[in-house]
Amino acid sequence: MTADLTSRATFNFLTVLSYAAAAYQRHRGTRPSAEILVNALLQAEKSAKQQRLTYPFESILGKWQLSFVTGTNKVKERGGILLGKGFYVPKFITVHVSFNTILEENLGRGEIINQVEFGPVLLKLTGPVQYSIQKNLLAFDFNHIVISLFGGVVYNRPIRFGKVKTEDFYNQPIAKLPFFGFFSVTEDFIAARGRGGGLAFWIRET
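Sequential numbering of the sequence shown, starting at 0, is according to the numbering used here.
Calculated from the structure, these hints are not laboratory results. Glycine included, C-beta positions come from ideal geometry on N, C-alpha and C. One should not assume that every hint holds.
What the hints assert, rightly or not - Distance ranges between label pairs, derived from CB positions:
id, residue 1, residue 2, range
1, H143, K45, 28 to 38 angstroms
2, Q50, E186, 32 to 42 angstroms
3, L52, V153, 36 to 46 angstroms
Claimed, not checked - With a straight-line cut-off of 30 angstroms between C-alpha atoms, the simulated DSS-like cross-links for lysine-lysine are:
id, residue 1, residue 2
4, K62, K90
5, K62, K45
6, K175, K123
7, K175, K45
The whole structure should be built from the sequences, with the hints applied where relevant.
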């Protein structure tokens with residue numbers, strides 16, 4: 000069963016995104032179908048490009064919970080790439096991403112923390128980020144991993160396969176690094192397209 004948000008005459012992507020965020024966050028209400036949410040995300044992306052919207056780095060700082068994601072390995076062509084149908088992240092898995100600044104004077108530079116919780120297991124990846132407000136692009140690289148079990152750390156060390164060393168990270172062109180291109184940023188949710196072409200939708204952690 001899906002929410003009745005299919006009317007093309009009244010379809011408003013911001014309404015759909017806000018509704019999806021609230022339903023997922025509060026664990027009640029009927030969420031929009033994956034198809035409707037993907038359409039809303041694509042419209043938000045198109046609108047941001049047409050209006051040439053820019054978002055300051057400060058607007059995405061904080062902790063966000065991943066609620067919906069698409070892949071690019073399924074046969075459904077949208078926007079010039081092969082985009083998957085997408086799915087809501089199951090409630091038994093919690094995926095958070097946090098963006099933090101390191102030094103106030105280094106505007107656009109900071110740290111990313113990607114954390115996945117599955118039962119007693121917690122996986123945390125951290126690394127540097129750099130943000131380009133002109134294109135709403137946030138480049139990142141993971142260089143440290145921590146694995147915990149039942150609250151106790153069982154693995155904690157640098158990642159050898161990080162693309163670049165932290166001291167060299169900020170000298171790299173953003174286009175050569177993993178990145179998110181943000182196209183919708185509000186107090187309650189953020190949405191972006193990854194370098195690989197997939198879409199991601201996060202809600203603010205409360």
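Each hint tested on the structure:
1. H143 with K45: 28 to 38 angstroms: Given range 28 to 38 angstroms: holds, Cβ gap about 37 angstroms.
2. Q50 with E186: 32 to 42 angstroms: This hint is violated: roughly 19 angstroms between Cβ atoms.
3. L52 with V153: 36 to 46 angstroms: For L52 and V153 the Cβ distance comes to about 43 angstroms; the hint holds.
4. K62 with K90: holds, 17 angstroms
5. K62 with K45: OK: K62 and K45 at ~26 angstroms, within 30 angstroms.
6. K175 with K123: At roughly 24 angstroms apart (the allowed maximum being 30 angstroms), K123 and K175 satisfy the hint.
7. K175 with K45: Given that 30 angstroms is the threshold and the Cα spacing comes to 24 angstroms, the pair holds.
Hint compliance for this structure: hint 2 alone is broken.
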